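Visitor: Here is how the chains run, residue by residue.
Protein chains: 2
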Amino acid sequence: MSSPHYTIEPIGVVRSELTKLEESPMQGDEGAPEAWLELTPEAAPGLMGILPGDELIILTWLHLASRDVLQVHPRGDLKRPLTGVFTTRSPDRPNPIGLHYVLVLEVVDAQQKLRVAPLEAIDGTPIVDIKPMISMSASNR
Amino acid sequence: MSSPHYTIEPIGVVRSELTKLEESPMQGDEGAPEAWLELTPEAAPGLMGILPGDELIILTWLHLASRDVLQVHPRGDLKRPLTGVFTTRSPDRPNPIGLHYVLVLEVVDAQQKLRVAPLEAIDGTPIVDIKPMISMSASNR
Numbered sequence: 001m002s003s004p005h006y007t008i009e010p011i012g013v014v015r016s017e018l019t020k021l022e023e024s025p026m027q028g029d030e031g032a033p034e035a036w037l038e039l040t041p042e043a044a045p046g047l048m049g050i051l052p053g054d055e056l057i058i059l060t061w062l063h064l065a066s067r068d069v070l071q072v073h074p075r076g077d078l079k080r081p082l083t084g085v086f087t088t089r090s091p092d093r094p095n096p097i098g099l100h101y102v103l104v105l106e107v108v109d110a111q112q113k114l115r116v117a118p119l120e121a122i123d124g125t126p127i128v129d130i131k132p133m134i135s136m137s138a139s140n141r
Numbered sequence: 001m002s003s004p005h006y007t008i009e010p011i012g013v014v015r016s017e018l019t020k021l022e023e024s025p026m027q028g029d030e031g032a033p034e035a036w037l038e039l040t041p042e043a044a045p046g047l048m049g050i051l052p053g054d055e056l057i058i059l060t061w062l063h064l065a066s067r068d069v070l071q072v073h074p075r076g077d078l079k080r081p082l083t084g085v086f087t088t089r090s091p092d093r094p095n096p097i098g099l100h101y102v103l104v105l106e107v108v109d110a111q112q113k114l115r116v117a118p119l120e121a122i123d124g125t126p127i128v129d130i131k132p133m134i135s136m137s138a139s140n141r
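Residue numbers (the working numbering), protein chains in the order written: chain F, 1 to 141; chain G, 1 to 141.
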């Protein structure tokens, strides 16, 4: 490709009881547990103002995904026809960014660490970005 | 930072009548126009199955953003107190990924090109990923 590339510098890491992909639900609302988001000291000032009860969008880098997959059987069900990855939530995609809607349960350690739920990302998943839910952001922030 | 870095390879580019940041609305629902999403030949097979009427999440790389900003006055309003970028939708943030909710209006050119609305990203903005809205994905895809 002729287009330029860009570098993701993770802002933190997911700490979770989930350690294996095969034990993780496919979506947060399918029984995913709580998790901790541990930010790097460099990124931690960006959390200022986040409070328990906030609803956030977490973007992660699904570091175990396959980046050369463009079509999949949705949810791994071979009875479903092949479909483009951009119409699915498959982790396998050219830029494997995970998108997770979570509720903030706790903010600790001088704002460097958040407890959130639900989160289906496994332990060690790099965190790329954190955003407020759009319904909050459009009018208030 | 000791954590590894990752490389974004854009899957396409935004083509829009918006060419200047200062003319762009801050959010899509604040009067943003239609735009074309032009995919690279490599990524285009990932669009298979996308249809007019689909609601998608577009992730972009806000290539003009400042990556060293961690706290901002929301919406650039100096009367508002400084707050962490992760509680705002500011484009300035360590990994400047834009998140846009759009409706698909048209699919053309053997699925390499989508017309969508609304999109506040300016012409030339790299596209990082495309996902179905979560309400569609959790149960159906």
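Just so you know, the hints here were simulated from the structure itself, not pulled from any lab data.
This one's a predicted model, so the numbers in the text were calculated from it and none came from an experiment.
Quick reminder that beta carbons are idealized off the backbone N, C-alpha and C, glycines included.
Honestly, I wouldn't trust all of these hints.
[Said to hold, decoys possible] Residues on chain F that point at chain G, a partial pick, calculated with CB under 7 Å: (1) A43; (2) I50; (3) G53; (4) T83; (5) M133.
Visitor: If a hint holds in the structure, say so; if it does not, say that too.
Guide: The hints, checked one at a time:
no.	hint	verdict
1	A43	holds (6 Å)
2	I50	holds (5 Å)
3	G53	violated (12 Å)
4	T83	holds (4 Å)
5	M133	violated (10 Å)
In terms of the numbered hints stated before, the structure departs from hints 3 and 5, listed from lowest to highest.
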